[in-house]
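As you go down the protein sequences, you meet chains U and D in turn.
Using our numbering, you'd call the opening residue of the first sequence number 1 and step up by one each time.
Using our numbering, you'd call the opening residue of the second sequence number 1 and step up by one each time.
Hints may contain errors.
To be clear about the criterion: a stretch of chain D counts as covered by chain U if any three or more of its residues have a C-beta under 8 Å from a C-beta of chain U, and this derived list gives those stretches [claimed, not checked]:
# : region
1 : 23-33
2 : 37-46
3 : 104-116
Subject to a maximum C-alpha distance of 25 Å in a straight line, what follows is the list of computed BS3-like cross-link-like pairs (lysine-lysine) [claimed, not checked]:
#  : chain 1 : residue 1 : chain 2 : residue 2
4  : D       : Lys87     : U       : Lys45
5  : D       : Lys23     : U       : Lys24
6  : D       : Lys74     : D       : Lys43
7  : D       : Lys87     : U       : Lys109
8  : D       : Lys74     : U       : Lys113
9  : D       : Lys13     : D       : Lys74
10 : D       : Lys120    : D       : Lys13
11 : D       : Lys12     : D       : Lys43
12 : U       : Lys45     : U       : Lys24
13 : D       : Lys120    : D       : Lys87
14 : U       : Lys45     : D       : Lys120
15 : U       : Lys109    : D       : Lys43
16 : D       : Lys43     : U       : Lys45
Listed next, with one range per pair, are the computed distances between beta-carbon atoms [stated by the list, open to error]:
#  : chain 1 : residue 1 : chain 2 : residue 2 : range
17 : U       : Thr86     : D       : Lys120    : 16 to 26 Å
18 : D       : Ser127    : U       : Asp76     : 41 to 51 Å
19 : U       : Val64     : D       : Tyr111    : 18 to 28 Å
20 : U       : Lys45     : D       : Tyr27     : 18 to 28 Å
21 : U       : Lys24     : D       : Tyr27     : 17 to 27 Å
22 : U       : Lys24     : D       : Lys19     : 29 to 39 Å
23 : U       : Lys45     : D       : Thr91     : 20 to 30 Å
24 : U       : Ala12     : D       : Thr30     : 41 to 51 Å
25 : U       : Gly16     : D       : Gly107    : 51 to 61 Å
In case anyone wonders, no lab produced these hints; they're calculated from the structure.
Even glycine gets a Cβ: it sits at the ideal position worked out from N, Cα and C.
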Amino acid sequence: DIVMTQSPDSLAVSLGERATINCKSSQSVLYSSNNKNYLAWYQQKPGQPPNLLIYWASTRDSGVPDRFSGSGSGTDFTLTISSLQTEDVAVYYCQQYYTTPPAFGQGTKVEIK
Amino acid sequence: EVQLVQSGAEVKKPGESLKISCKGSGYNFTNFWIGWVRQMPGKGLEWMAIIHPGDSDTRYGPSFQGQVTISADKSSSTAYLQWSSLKASDTAMYYCMRHETYYYGSGSYGYYYYIDVWGKGTTVTVSS
């Protein structure tokens, strides 16, 4: 099974500042046939279900603000919030869907400093 | 609007059986892999199992194989997750979810990818 490891476990960022979350997979999730990284990011606000932010490592889902961006390839990925807003306080999860089971990272909690 | 509507909260005793449900609407239920994610209190997300309602093909996470059973009823567009004998450690929030599913050619296998739709969750509490 592929293991997903996020860092840090939590971070506190000032309003308007950049937040960066890292996600590392135990093996590559880049499918060579189509050159796509099978990696998604989700946001879970307190008391709510998760919500899809980014798929194929860098494609924003419909309606997701452009301050959210995803990057990386192979085994190392990053979610960046360019200018943190109050409504971005949440736990963020990466997930690979390259193999079964499509494992999640352990989550990164983002708070306001 | 695509929606997954889950059944209500459950309180059970250890050893009891349980079946929770998730009704899909706003899309062709038979064409998308649908399944369940567990979130234990204060913890992260764990992918449990999925089913393809069109042919009842299933996939289970290793930790959940043999512990739960996933099923689906095409006629009512409803997916289910059931336990035959609950444990206290089954206490958790259970989210129904839909995987984006791609078909490469007519009659081909449906490949599942990222999770694009989530239900609101069903709380299961198991306590004596």
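Violated constraints from the hint list, given by number and in increasing order: Checked against the structure, the hints that fail are numbers 1, 4, 5, 6, 7, 8, 9 and 21, while the rest are satisfied.
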